[in-house]
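Peer 1: Kindly produce the complete structure, drawing on both the sequences and the hints.
Here's the letter readout for the chains.
Number of protein chains: 2
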Amino acid sequence: MGSEDKIIRWICRLTAITAFFLIGFIIGWFARPSSVNHERTSKSFLRDFMDEMHAENIKHHLRKFTKLPHLAGTQQNLNLAEQIRNEWMEFGLDSVELVPYDVLLSYPNKTNPNYISIVDQLGNEIFKTSLAEPVPEGYEDVADIVPPYSAFSAKGQPEDELVYVNYGRTEDFFKLERELGINCTGKILIARYGKIFRGNKVKNAVLAGAKGIILFSDPADYWAEDVEPYPKGWNLPGGGAQRGNVLNLNGAGDPLTPGYPAKEYTYRSSLEDAVGLPKIPVHPIGFHDAVHLLQNMGGPAPPDSWKGALNVSYRIGPGFTDGFRQNKVRMNIHTNNQVTRIYNVIGWIRGAVEPDRYIILGGHRDAWVFGGIDPVSGAAVVHENVRAAGKLMKKGWRPRRTLIFASWDAEEFGLQGSTEWAEDNARVLQERAVAYINADSAIEGMYTLRVDCTPSLHTLVYDITKKVLSPEEGEEGMSLYESWHKRDNWPEKDKPWISKLGSGSDFEAYFIRLGITSGRARYTKNRKTERYSSYPVYHSVYETYEIVERFYDPRFRRLEAVARVRGGLIFSLADSAVLPLDCVEYATSLSTYANSIHQLAKKHPEAMQQYVVSFDSLFSAAENFTVAARDFHQRLDQLDSSNALAVRMVNDQLMYLERAFIDPLGLPGRPFYRHIIFAPSSHNKYAGESFPGIYDALFDIENAAEPENAWNEVKRQISIAAFTVNAAAETLKPVVSETKTSIHN
Amino acid sequence: MGSEDKIIRWICRLTAITAFFLIGFIIGWFARPSSVNHERTSKSFLRDFMDEMHAENIKHHLRKFTKLPHLAGTQQNLNLAEQIRNEWMEFGLDSVELVPYDVLLSYPNKTNPNYISIVDQLGNEIFKTSLAEPVPEGYEDVADIVPPYSAFSAKGQPEDELVYVNYGRTEDFFKLERELGINCTGKILIARYGKIFRGNKVKNAVLAGAKGIILFSDPADYWAEDVEPYPKGWNLPGGGAQRGNVLNLNGAGDPLTPGYPAKEYTYRSSLEDAVGLPKIPVHPIGFHDAVHLLQNMGGPAPPDSWKGALNVSYRIGPGFTDGFRQNKVRMNIHTNNQVTRIYNVIGWIRGAVEPDRYIILGGHRDAWVFGGIDPVSGAAVVHENVRAAGKLMKKGWRPRRTLIFASWDAEEFGLQGSTEWAEDNARVLQERAVAYINADSAIEGMYTLRVDCTPSLHTLVYDITKKVLSPEEGEEGMSLYESWHKRDNWPEKDKPWISKLGSGSDFEAYFIRLGITSGRARYTKNRKTERYSSYPVYHSVYETYEIVERFYDPRFRRLEAVARVRGGLIFSLADSAVLPLDCVEYATSLSTYANSIHQLAKKHPEAMQQYVVSFDSLFSAAENFTVAARDFHQRLDQLDSSNALAVRMVNDQLMYLERAFIDPLGLPGRPFYRHIIFAPSSHNKYAGESFPGIYDALFDIENAAEPENAWNEVKRQISIAAFTVNAAAETLKPVVSETKTSIHN
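Each protein sequence line maps, in turn, to chains A and B.
Taking the working numbering, the leading residue of the first sequence gets 1, the next gets one more, and so forth.
Taking the working numbering, the leading residue of the second sequence gets 1, the next gets one more, and so forth.
Hint data in this document are derived by calculation from the structure and do not stem from the laboratory.
Treat the hints with care, as some may be off.
Pairs involving identical chains hold if they fit within one copy or between any two copies, as the list cannot separate such chains.
[Unchecked claim] Pairs of lysine-lysine residues, derived as PhoX-like cross-links and limited to a Cα-Cα distance of at most 25 Å, are as follows:
no., residue 1, residue 2
1, K263, K715
2, K733, K263
3, K602, K467
Peer 2: Right, here's the structure in full:
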């Protein structure tokens, strides 16, 4: 062996050694776990998660949860809470707890029923409204069906002439008082249900000085065309009536403990100081009963648009006509308020990577009676979401972030379970909650999807619905997105229509008080052609399992689709390394809202000039936000996703964006409505208003007693909105100021 | 070569290859940077940082910044802002910006000076107070020395009898009205400075129905024993008077834009609706002038404790005695409120690892005149802190978190610069601010250190002061901690005394409104033996460079020690991987405060029994907090510090702990004081009150007009405090609920 050979051999050895060292080094380098290696598998788990949810299971859950009434505060609803807790544990959640609060609820007096009567001049009750709804077939033996009542009505037996106030909206009262010259002071009012939240009708009645108000369901508002009343179809029978609370809580939760959770040790205000309780008796009736009251009223004939579908030639009152002229109407209301224990069920899946980031799926469990639609169509879907998540965990999946599932109590009594829990956990939610997805009724119609959400969720909602199949017969293979788009287009975007969030369900405290990214999804009617309110049997005894199974969703494919949408949303929010929130969509929406509130103000060009009212600061803020959002997403594209802290930082910016719209001072007179961009309308809690502070300041401003003060308030609200939008834009900018040495404003 | 040999050789080769592979793997594994490898060097940099700060530099900064007056809103103070910005850039900060706001300030009318006169029955002014202080030697040619005035005084020339109200405290007015039977309605009051914030004296005067109030400095309160008046010593000359604002802002910042930053586009309320402006004229005088007003008053003699050190036999009034009986006192006040531009200087050092976590060192720049003590002794220290940080950066250091340095404007006009910036940046500060260290005057006495801070900073303060040397002669080699401990022991702890934070300086918005961990440190007098208020020349023209250089700190070692304490605090907060905050100390303090408020309530045993007032819920909450804090720190000991996200999560819990004490609803009537544990006393803004909601509800409760309502308010406040402490405890618990299936309350 020559020395050259030897050298060559040594070179070979050295090369080999170096090579293996390098291979070792490289493997060692990459073998070391980095904390963001979680992404690869989560997409396939999304597919698994969606596929795991089945129509048959949802049907089964719905059947199981609708056999008995589950009124908040009753033993049956506690039993159901325990059942849900046990099943969620069996499904595989890490932990499940019942969380009680002691809140003010309201029930009819069992021995002294509520009713309305017509009283003749001798004091005889010549007509009485029915004490209960005819019970649907198959449920005759069920005990504890609460009769129709207006929860939190004042007690009392007022007796007087009747005045018909149409829907009882602000504009209806304006018309009555300003055009028709009818004074409601001291009268008993009768309003038809529909258009706005019933609590707003009652508030308007109180403001008008009424001493009682009767609410009735008119077929014009509660009958779909060419549909039979239940049980032959899904319309409201004439004996059916709408239960519901008549509070004006403005987000306070328990009326006795505004701002704080209703725990055992919590101080409770007196009933006189309670938030939102009406000072007058209120009672709901069906149209069979309403006819008797309406057909004999006095006064002028109502405007044509005020005439419902009842075939009576009623007038507006006051004063009964003809033989009834001396008759009066009497309300007999004995409903009691009482502090009652309620129970939320809260289930947890601990996040694998960021356990201190929470995605919440919450919906209520309490129902007025059986709750076939409201809420159990939703609760059954949550149950299936939980079951599917548990199944995935058994396959080894665990979400990046923590998932919280909530079955709220006492939603029907003013969103109390969800609000008290939000109050109880406000501090941790403020710091840790990424998103709240609401899960009330999953179906209210048979036409297409309905989504209400904050703008930053638009893109995710579209992405998820593209991954779900249409549940409609004849649309096999079509995505839910396509089906939805076809049925309800958003012309400005050429995408499916998405609404703003209003209120009337449990997302309220999370979105409007705490500023947590929120959304909701359900199946709905055709909003353009089906003009009835909500759905005909809403809050009646006829909301049964059968109405869903026979009419709304016989194959349970619509509920399955909703389950996949809600499930897909929480899955993506919990599992994506970078939060799937779209700030540019928020920017677009802000500009739209700014334009639209400006249009409203421009109806008063002289006043705007006289009081020097300008929207420039708001437009400039929206522009700042647009630039900040665009730049933010550009930086996001260049994010080093292997840097766990860098990912966390941008996620914090995304998570806290919605929080930035919260003004701790709240809206004028509504301390718990603190979102400057969105609030429930002051005239209809169900509707969402954008830039609500400015909107309310402008409302009816042409009739303001002191126009200068009124326009100053408009200017103040514009300034607050502009500042808030600017401040939100700041949260999206780089986290360290990059200004060098110039003056900055 | 035998086959055995071959096998052996192959085994050798394989072994070698494996060994080199393994070596490579191991090196590769450890070569990969992990994000928390930052700790090793930061301790030595702390030493470097402290050693970099020098007495001589601070002396130089102080001299440079005290040559001219720097009243807020003036050109000189803008010039100083620009100078500071430029020097901070030169020192090496990443960026520095001037941030302007347009706020309501208040100045005397230059052509119509303010004064007080005695008017005889013919209407002649037989005595007038001086229009200015005698200017100290060396400053005779300085222009723009603002004469003594009460900023935001109402204009007016009220004329009436004089009533002496001692310090003008709530208890003084109680004594006057309830024991001495003197009615202040329609009178002009005269109160001595001291004991409480001057704004509270004015508020009390307004509540008492007075039509003006004169404030004077009595030697009893502004003379140290055996000290000569300036310039021979550091006592207040008889011609000196205390400037100062007389607002009652309760944390609102700019009086015209409460809750929002005073930007160009911001809506401003009218002066009538402004927050905190006194409705009556107010004016400050020295004791040379005060003697003339006091010595001829009528009415009964004051209680002995009300007699100051002026050698006059004054009475309480109303009514001048003897020849002066028909004389009256007249105030001539022409001070103007005007919206004026102010400038904060904000400097940034970007954090290397967590740039979205902020540590703020802020102190004001504006001074009533030269500001030798207030604020420049503090501003000079900040300047040295910034210089030292820049020096370290040139050595390659960069803090883990972002450092923000602030030179606030218009502190003297109601903490306006700091409050407006807090309002402007509330959203990002809420999410990102770790701590705020205040840097007002660094010296107010010659005895020892004074620290006021939130309990979670106690331990860090002790640690840092152990690393700083005592500045006192004769204590060479002794630590500041030892020196401080020796001079001001906290008996319950056998550690140096630390106070609660009150208000009256720029931490207010950060701590009490936003709930950011805060503290302050300065050199002080002996609080047990030196009974004069603040320091004698406070807010007079005699606060010069020379008073520090000749009397307070001739070697500038005391200021150097303060610089090292403040610097050490921000360094440790910015650079420690795990935040150096101590939740167990907070727990201990909460228990102490709960006991002490309970003791106060127990002075009314009958009422507590009658109205069923219990503190059990508060004690139980403090106990919950104690357990949660202890468990939290135990888990912290087992933290995997190589897991960047795990470290971030516990840091978030630590950072947000102070935030958890914030109640968005604020304290009753004080919406910007939102900290449930600490607030400025309602009777003296300078003092910190613990459980202020309960304290205020109990205040003077024995004289409540409606005792039941008053005690209900006590119960409500106990409930709020208990809930808040419980909620804060929740933030320290594991981030995911660990309950299994039991009911949880």
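Peer 1: For each hint, tell me whether it holds in the structure or not.
Peer 2: Structure-based check of each hint:
1. K263 to K715: Answer is between; shortest inter-copy Cα gap is 14 Å, intra-copy 41 Å.
2. K733 to K263: Intra 41 Å, inter 19 Å, cutoff 25 Å: inter-copy only.
3. K602 to K467: neither (43 Å within a copy, 66 Å between copies)
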